[in-house]
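A.B. asks: Now for the letters of each chain:
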Amino acid sequence: MSKFNWRSFLFWTLIAALLLYMTLPAIVVIMASFNPGEVLSFPPNGLSVRWYIKAVTYPDFQIAFKNGIIVAALASTLALVFGSAVALLVSRYYFTGRGLLETILSAPLIVPHFTTGFGFLLLGAHLGITQTYLIIVMAHVVLVLPFVTRAVYVSLQNIDPNLERAAANLGASPIKSLWRVTLPLMLPGMAGGWLVATILSFTEFSASLYVTASRTQTLPVAMYNYIREYTDPTIAAISALLIVITTLIMIVANRFLGLRKILAIESH
Amino acid sequence: MQNRVVFLLFLLPALLVAFFFVSALTEIFQYSFREFIPGSLDVGGFTWANFARINRPIYFFAILDTFWLAFLTALFALLLSYPLAYALVRTEREWLRTLLIILAITPLFTGEIVRTYAWTLLLGTEGMINTILKGIGLIDTPIALMYTRVGVVIALVQFAMPVMIILLATAISHVNSDYEKAASNLGASPGQVFWRVTVPLTMPGIIAGFIVICAWTMSAFATPQLIGGGKILMISNVVYLTGFSALNFPFAATMSVVALVSAFVVLALMKLMTARIENKIAIH
Amino acid sequence: MSIVLNKEMQAVEFVKVTKSFGPMLAVNAVSLSIRRGEFLTVLGPSGCGKSTLLNMIAGFQTQDSGEIRIEGKDVSSMPPYKRDTGMVFQNYALFPHMNVRDNVAFGLQMRKHPKHDIDTEVAKALAMVKLEGMEARKARQLSGGQQQRVALARAIAFGPKVLLLDEPLSALDKSLRSQMQVELKELHERTGLTTIFVTHDQGEALSLSDRIVVMSKGEIQQVSKPLDLYRHPANGFVASFIGEINAFPVADCIVANDHVRFAFGENITLRAPRRDGQPLKTGDKVNLFVRPEHIAVAGQPDNGDPRVTGRIVTHIYQGTHTITRVTVPALGLVELRVEGGDIIERRPVGSDVDLAIMLDNAVIIRS
Numbered sequence: 001m002s003k004f005n006w007r008s009f010l011f012w013t014l015i016a017a018l019l020l021y022m023t024l025p026a027i028v029v030i031m032a033s034f035n036p037g038e039v040l041s042f043p044p045n046g047l048s049v050r051w052y053i054k055a056v057t058y059p060d061f062q063i064a065f066k067n068g069i070i071v072a073a074l075a076s077t078l079a080l081v082f083g084s085a086v087a088l089l090v091s092r093y094y095f096t097g098r099g100l101l102e103t104i105l106s107a108p109l110i111v112p113h114f115t116t117g118f119g120f121l122l123l124g125a126h127l128g129i130t131q132t133y134l135i136i137v138m139a140h141v142v143l144v145l146p147f148v149t150r151a152v153y154v155s156l157q158n159i160d161p162n163l164e165r166a167a168a169n170l171g172a173s174p175i176k177s178l179w180r181v182t183l184p185l186m187l188p189g190m191a192g193g194w195l196v197a198t199i200l201s202f203t204e205f206s207a208s209l210y211v212t213a214s215r216t217q218t219l220p221v222a223m224y225n226y227i228r229e230y231t232d233p234t235i236a237a238i239s240a241l242l243i244v245i246t247t248l249i250m251i252v253a254n255r256f257l258g259l260r261k262i263l264a265i266e267s268h
Numbered sequence: 001m002q003n004r005v006v007f008l009l010f011l012l013p014a015l016l017v018a019f020f021f022v023s024a025l026t027e028i029f030q031y032s033f034r035e036f037i038p039g040s041l042d043v044g045g046f047t048w049a050n051f052a053r054i055n056r057p058i059y060f061f062a063i064l065d066t067f068w069l070a071f072l073t074a075l076f077a078l079l080l081s082y083p084l085a086y087a088l089v090r091t092e093r094e095w096l097r098t099l100l101i102i103l104a105i106t107p108l109f110t111g112e113i114v115r116t117y118a119w120t121l122l123l124g125t126e127g128m129i130n131t132i133l134k135g136i137g138l139i140d141t142p143i144a145l146m147y148t149r150v151g152v153v154i155a156l157v158q159f160a161m162p163v164m165i166i167l168l169a170t171a172i173s174h175v176n177s178d179y180e181k182a183a184s185n186l187g188a189s190p191g192q193v194f195w196r197v198t199v200p201l202t203m204p205g206i207i208a209g210f211i212v213i214c215a216w217t218m219s220a221f222a223t224p225q226l227i228g229g230g231k232i233l234m235i236s237n238v239v240y241l242t243g244f245s246a247l248n249f250p251f252a253a254t255m256s257v258v259a260l261v262s263a264f265v266v267l268a269l270m271k272l273m274t275a276r277i278e279n280k281i282a283i284h
Numbered sequence: 001m002s003i004v005l006n007k008e009m010q011a012v013e014f015v016k017v018t019k020s021f022g023p024m025l026a027v028n029a030v031s032l033s034i035r036r037g038e039f040l041t042v043l044g045p046s047g048c049g050k051s052t053l054l055n056m057i058a059g060f061q062t063q064d065s066g067e068i069r070i071e072g073k074d075v076s077s078m079p080p081y082k083r084d085t086g087m088v089f090q091n092y093a094l095f096p097h098m099n100v101r102d103n104v105a106f107g108l109q110m111r112k113h114p115k116h117d118i119d120t121e122v123a124k125a126l127a128m129v130k131l132e133g134m135e136a137r138k139a140r141q142l143s144g145g146q147q148q149r150v151a152l153a154r155a156i157a158f159g160p161k162v163l164l165l166d167e168p169l170s171a172l173d174k175s176l177r178s179q180m181q182v183e184l185k186e187l188h189e190r191t192g193l194t195t196i197f198v199t200h201d202q203g204e205a206l207s208l209s210d211r212i213v214v215m216s217k218g219e220i221q222q223v224s225k226p227l228d229l230y231r232h233p234a235n236g237f238v239a240s241f242i243g244e245i246n247a248f249p250v251a252d253c254i255v256a257n258d259h260v261r262f263a264f265g266e267n268i269t270l271r272a273p274r275r276d277g278q279p280l281k282t283g284d285k286v287n288l289f290v291r292p293e294h295i296a297v298a299g300q301p302d303n304g305d306p307r308v309t310g311r312i313v314t315h316i317y318q319g320t321h322t323i324t325r326v327t328v329p330a331l332g333l334v335e336l337r338v339e340g341g342d343i344i345e346r347r348p349v350g351s352d353v354d355l356a357i358m359l360d361n362a363v364i365i366r367s
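Residue numbers (our numbering), protein chains in the order written: chain A, 1 to 268; chain B, 1 to 284; chain C, 1 to 367.
Just chain A, with the same shape it has in the complex:
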């Protein structure tokens, strides 16, 4: 007959409570998105999908969605190419100024997004490109690059160094060795990094608020503008969609790429 372990019970109750705290926002949003009326009530007195229909057909959101997809696709692909190059650079070559370069490229993680966004707004004004996708993509690439670099770098570090020596020993020139041995093994890290970059770019808000113009605004910015004017649950519907889609992507990514590897968490 086993003794009731009250310590364990308390611990797991705490964990459950904390998980509730962390997921409560998502729960509320999904609940509110089905609210039949304009004014939210808890609990909702009925179920309706009218806000979903409104959200998906709202012209501002449609344009913003399109803008967001274009920017995210461009930014994440550029970040993938650049980030992989940086990861390869940093893991293979030692040169003067390397530390400085690394610091500059990882600084966007520390510099507030609104500062980066503001800076690119000013830069864009100087270059006359404030109404274009270009300035948004530039800002986003800078912001998501550290994530891609890290994911690719981690997967590079996990490649047995003897593999490249073996390739060289068997007659492969450095470029052949990169193409046939290193790159295929980097692919999971690159895929993970690209995915992270895409999501981060699509949902990025603080910097985008500065570098987007009304024609080029991305979805988060459009949502912000809507919230400032209206209080109906349209935003809840769009948010619920975003939450569900992101969660699904994360689950799929974990299944195929192993989130743990990308985030470098080992388990004991």
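Heads up, some of the hints might be wrong.
Said to hold, decoys possible - Pairs of lysine-lysine, BS3-like flavour, derived with a Cα cap of 27 angstroms: (1) K161/C / K176/A; (2) K112/C / K124/C; (3) K73/C / K176/A; (4) K176/A / K16/C; (5) K176/A / K185/C; (6) K115/C / K161/C; (7) K176/A / K112/C; (8) K138/C / K176/A; (9) K161/C / K16/C; (10) K134/B / K231/B; (11) K112/C / K130/C; (12) K176/A / K82/C; (13) K225/C / K185/C.
As the list claims (entries may be wrong) - On the chain C side, residues computed to face chain A include the following (Cβ under 8 angstroms): (14) A58; (15) F60; (16) M78; (17) T85; (18) F89; (19) F95; (20) H97; (21) G107; (22) R111; (23) Y230; (24) A234.
To be verified - Every beta carbon over 10 angstroms from chain A, so not counted as near; a handful from chain B, in silico: (25) F46; (26) A52; (27) W68; (28) R115; (29) T131; (30) V197.
Rather than coming from a laboratory, the hints here were simulated on the basis of the structure.
Every residue, glycine too, gets a C-beta built ideally from N, C-alpha and C.
Use these hints to put chains B and C onto chain A, whose structure you have.
C.D. replies: Only chains B and C this time, still in chain A's reference frame:
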């Protein structure tokens, strides 16, 4: 010879990105010293006036508030994230670990706006929290959570937890569970094992997590903007206000510089403290 | 006058090669010739420089000074992928994203062999290592022993000039190891490839090699055939490193017409008949090394071997034989090898025993 070409091929993209980023920051620095011409986007000549303006109470307190809220957020995020991170690393059930990872990490990717909006639904006087508390009879009149520091911190802490969990989990996973088993074998109760073995060995991660969240929270914008509603001002909100409402780019730039410098100071502090702690416990 | 290719052309030559890593001297002015078709083992403790030598042949390290020649040609400026050496790494380094066939075919593809030829050559290489039909398996699915064979097949498939083996058996368990040693030797006999094998296991070296190079601290201590190495170690290091040996402390030499006496402290002397050409003189200080199999429990009749008395400290039973350790005054702890295990009962721990030391095979090194 092939090596040289390959090296340059890798170096060029890095230089390109670095160049544009530095240019953007340089613009801010440059603007922060320029004179503001009201009603126009043109700027005048060199001046210290913007930096002097920081001393005005409203801006000065915004800076203090930024540090204070960041500190509170980091503290509570640390306390609440540690159990989750610990469970995540040490549990033997894979399904639980996967569940924890997904639940902890996914919020990171839904974006500031979605998460902040969700909290407005929770914190309002007719919001879910108040409704539930009234419903189960704990309160008669709704608690004011929106437009208060408490509300902002509650939301900010929930924002910070995924990142804190990742950082703590990494640190905990680097501590071999054999140490804990050895302490237990030698007679230590679970509480003693925790305070005398686990916490000291994860201290670098704790400090890193605390300071990263501090720096990260100082740059929060949507939360103080929407939940603070203009009553809670952090540096980010001041920049937005002065930049977009008053079109005072120079001063907005100045406050951005303040934000930048604060973030870097906080981070330099972390490097110092972690270096010292890591020497003491000899773990990478 | 035409230039005739020398059949005895050296496969690999080191000419006064030195390599340092920062302040550490890994290889110190090493000169060595490796003959075509021979199986040469570089043997030594970790840190002795043996892996560095191998890496320099393959081209993964460049020497600081001196020349390295492969088949007569100086390769110092040649990058690894042009050197035509086949290397088997300690952890096999099989490409995890390729199957067995693609792994083995890699070297052939780099040399642009026609596709239909490659399949035949891959099959041939796999047959050589007794892995016929395994082409489709993924590297990850194979056992340690199988991975090792694939690594071998991959290294020989394209016909390298030299086969380099970097402690390839160290990751295998004991029985698999012995089996692979036999197969390696057979493979060498079948292919006739010049093979350079690096290990710290002296038993392995003795069983596999045509010649052994013993290294310590970046310098070559001795280069000999296994038998010579065992019987006539050149110095104290080699004597202790190869096989088991008793190292007796320094003794004084008293040389007479027909015998030599080694005087240790406490009135213990060992007397051996004078060997022809023995260069010892009275007053020389020497170290004496005697193998355990050359010490026995003294029996009748007395055949002239010097005798000492000591107390038994331990018996280490090994099945076929027993190693018995005896403390002998002035000589210290002496190990002798006795057949079977009867001695454990007949002469229990703590009892005194007389030992006969056969000095005919002793190694005498001037200190």
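A.B. asks: Give a verdict on every hint.
C.D. replies: Status of each hint after checking the structure:
Under the criterion of a C-alpha separation no larger than 27 angstroms, the hint pairing K161/C with K176/A is consistent with the structure, at around 22 angstroms. For the suggested pair K112/C and K124/C, the alpha carbons sit about 18 angstroms apart, so the restraint of at most 27 angstroms is met. A threshold of 27 angstroms between alpha carbons decides the hint, and for K73/C with K176/A the separation of about 25 angstroms falls inside it, so the pair holds. Our distance criterion of 27 angstroms between C-alpha atoms is broken by K176/A and K16/C, whose separation comes to about 34 angstroms.
Restraint check for K176/A and K185/C: the C-alpha separation of about 34 angstroms exceeds 27 angstroms, so the hint is violated. Only pairs whose Cα atoms come within 27 angstroms are accepted, and K115/C paired with K161/C is accepted, the gap being roughly 22 angstroms. Our distance criterion of 27 angstroms between C-alpha atoms is met by K176/A and K112/C, whose separation comes to about 13 angstroms. Taking the CA atoms of K138/C and K176/A, the gap is near 22 angstroms; set against the 27 angstroms cutoff, the hint holds.
Distance check on the hinted pair: K161/C and K16/C sit about 22 angstroms apart at the alpha-carbon level, within 27 angstroms; holds. The suggested pairing of K134/B with K231/B holds, with an alpha-carbon distance near 26 angstroms, which does not exceed 27 angstroms. Distance restraint check for K112/C and K130/C: the Cα-Cα separation of roughly 26 angstroms lies within the 27 angstroms cut-off, and the hinted pair is therefore satisfied. For the proposed pair K176/A and K82/C, the alpha carbon gap of about 13 angstroms is at most 27 angstroms, so the pair holds.
For the proposed pair K225/C and K185/C, the alpha carbon gap of about 15 angstroms is at most 27 angstroms, so the pair holds. Because the closest C-beta pair between A58/C and chain A is about 6 angstroms apart, less than 8 angstroms, the hint holds. A hinted interface residue such as F60/C counts as satisfied when its beta carbon comes closer than 8 angstroms to some beta carbon of chain A; here the least separation is about 6 angstroms, so the hint holds. The interface hint given for M78/C is violated, since its Cβ lies 11 angstroms from the closest Cβ of chain A, which is over the 8 angstroms cut-off.
Below 8 angstroms, beta-carbon pairs count as interface contacts, and T85/C has one with chain A at about 7 angstroms; its hint therefore holds. Because the smallest distance between the Cβ of F89/C and any Cβ of chain A comes to about 5 angstroms, under 8 angstroms, the interface hint for this residue holds. The beta carbon of F95/C comes within 6 angstroms of a beta carbon in chain A, closer than 8 angstroms, and the hint placing it at the interface holds. Given the 8 angstroms rule on beta carbons, the hint for H97/C holds: about 5 angstroms separates it from the nearest Cβ of chain A.
The interface hint given for G107/C is met, as the beta carbon of that residue sits about 4 angstroms from the closest beta carbon of chain A, less than 8 angstroms. At its closest, the beta carbon of R111/C sits 6 angstroms from a beta carbon of chain A; the interface hint therefore holds under the 8 angstroms criterion. Evaluation of the Y230/C hint against chain A yields a violated restraint, the C-beta minimum of about 33 angstroms exceeding 8 angstroms. A hinted interface residue such as A234/C counts as satisfied when its beta carbon comes closer than 8 angstroms to some beta carbon of chain A; here the least separation is about 33 angstroms, so the hint is violated.
Every Cβ of chain A is farther than 10 angstroms from the Cβ of F46/B; the closest lies at roughly 17 angstroms, confirming the non-interface assignment. Distance to chain A confirms A52/B as a non-interface residue, since its nearest Cβ pair spans about 21 angstroms, more than 10 angstroms. The Cβ of W68/B sits about 17 angstroms from the closest Cβ of chain A, beyond the 10 angstroms cut-off, so the non-interface label holds. Not every Cβ of chain A is farther than 10 angstroms from the Cβ of R115/B; the closest lies at roughly 6 angstroms, contradicting the non-interface assignment.
At roughly 4 angstroms from the closest C-beta of chain A, the C-beta of T131/B falls inside 10 angstroms, breaking its exclusion from the interface. Non-interface call for V197/B relative to chain A: holds, since the shortest CB-CB distance, roughly 14 angstroms, exceeds 10 angstroms.
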